[in-house]
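For the record, the sequence lines run as chains G and B.
Under this note's numbering, the letters of the first sequence match residues 1 to 141, in that order.
Under this note's numbering, the letters of the second sequence match residues 1 to 290, in that order.
One thing to keep in mind: the hints can contain errors.
Stated by the list, open to error - What follows is a list of derived Cβ distance ranges for each label pair: (1) B/71 x G/18: 38 to 46 Å; (2) G/19 x B/101: 28 to 36 Å; (3) B/129 x G/18: 25 to 33 Å; (4) G/54 x B/54: 26 to 34 Å; (5) G/74 x B/152: 56 to 64 Å; (6) G/34 x B/101: 36 to 44 Å; (7) G/60 x B/19: 19 to 27 Å.
I should point out that these hints are in silico values taken from the structure, not numbers from a laboratory.
This one's a predicted model, so the numbers in the text were calculated from it and none came from an experiment.
Backbone N, C-alpha and C define an ideal beta-carbon position, used for all residues, glycine too.
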Amino acid sequence: MANTMHLDIVSAEEALFGEEVEFVVARATEGELGIMPRHAPLMAKLQPGEVRVRMPGGEEQFFYVSGGMLEIQPHVVTILADTAVRAHDIDEAQAQEAKRRAEEAIRDRSSEVDYARAQTELAAAAAQLRALQSLRRKRGS
Amino acid sequence: MSGAKEIRTKIKSVQSTQKITGAMEMVAASKMRTAQSRMEATRPYAEKIRAVIGHLAHAQPEYRHSFLVEREVKRVGYIVVTSDRGLCGGLNANLFRKLLPELQHCDQQGVGVDVCPIGNKGAQFLNRLSNIRIAAQATHLGDSPHIADLIGTIKVMLDAYREGELDQIVLVYNRFVNTMTQQPTLEKVLPLPAFEDPVLDEQRYGWDYIYEPDPASVLDDLLQRYVESLVYQAVVENIASEQAARMVAMKAASDNAESLIDELQLVYNKARQAAITTELTEIVSGAAAV
C-alpha cells in the first residue's frame, strides 16, 4: 500500500480536514513534531501554531490551531484543535492588529489587563502570522 | 349593523399578522436546517475525544481524575440551556416544567443548587427563583454560537467542581428528536460515566501512547475539552430545537389566522347583506308610502 496515513483535523465546531497525507508537522508543547506514517502511538498537547501537511502529490497545506491535542496511531493521526482555521482564512491585518493590542497590553501592565491572557494572545497572533508567512513563501517560490 | 368597516379593518390586521408569522415560519425552517448541519458537524470531535479518553482510562487505571470520581452529593450545579428569544411554543416552558421538580427535590434533600443559565429565557426565569444561586450566565449567543463564548461560563462550573464546591453537574437542554418533537433532557455531565474502550480486547493492553508532556496533564486537558464540547453540543442542539419549535408554532399561528380571517369574512358578508336588505326595504316602503 501507499506510504500514507489518514489525517483528521476536527474542532469542536466542525470537521476541517480528513484525507490521506504523507507527512505532518505540528507544534507540540515540547517542540515541533514531524510525523511520518507508522509513527509510534503518541499523545501530545499542541501549542498555538501552524500545522503543515504534505499531501501525496507533494502539495502542501497549512492550518492554524490555537492549541489542542494531537493523537498519533500508526496510520491515523487526529488533531483535536481548539479552533483550527485554514491558513488562507486568517486575515493578516486582523492578526497584526491582535498582536499589536497584545503587545501594548503587556507593555502597559499597570492597566488592569490580565498579563497571562495578554501573553497567550500574543503567542496566538504571532503563530497566525508565522502560518501566513510560510504560506506566502510557499506561493512566492 | 355592526360596522362593516370595523370588520374590514380587523381582517386587514389579522392578514398582516399572518404575513409576519408566515415569514417567521420560513426563516425558522431555514435556520433549523443550518442548525441541524452544525449539530452534525460537532459530532466527530466529541466522538474522537470519547474514544481517546476511553483508551486512556484503561491504559492508566491507577490515575483517577476528579472528573471521574463519584462523591456524596451536597451541592449540584445545573447548566440550563434555553433560547434567547420567545415565540417558540412551549419549548422553554416544558424545560422548566421538567427542571422545577428536580430543584424542589434537591431543596427537600437539603442539597444546595447552583445554576448557570445559558440563554436569555433561562436567565430571566431562574432569576425569579429563590433557594438557588446563579453562578454564571451566558446570554445572546446568537444563532451560530462559538465555543469560545461558552468556555468562560463552563469554566466557572468546572472550577467549582474541581474545588469540591459542586459534587455533580447536570446539563439541562432540549434534545432535538425531529422537527415535531423536542425532548427536554436532564443529563449528568460530571462525574463522567465510565468510558468504554473502543480498542478490541486482544489489543487492549498491548500498547500505550507516548505522552507529551505526561499522561495526567493530557487527560486533564482532554476531559476539560470533552465537557466543553458536551455543553457546546447541547447549545447547538437547543438552537435546532428552538428553530423547529418556532417553525411549528408559527405554522399553527398562520393556520389560526387563516381560520380567523374566514370567520370574519363570513361576518362581514352577512353584515353587508343585512345593510343592503335594510336599504332595499327602506326604498320599497318609502315608494309604497308615496
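Hints and how they fare:
no. : hint                     : verdict
1   : B/71 x G/18: 38 to 46 Å  : holds, 39 Å
2   : G/19 x B/101: 28 to 36 Å : violated, 50 Å
3   : B/129 x G/18: 25 to 33 Å : violated, 45 Å
4   : G/54 x B/54: 26 to 34 Å  : holds, 31 Å
5   : G/74 x B/152: 56 to 64 Å : violated, 38 Å
6   : G/34 x B/101: 36 to 44 Å : violated, 57 Å
7   : G/60 x B/19: 19 to 27 Å  : violated, 53 Å
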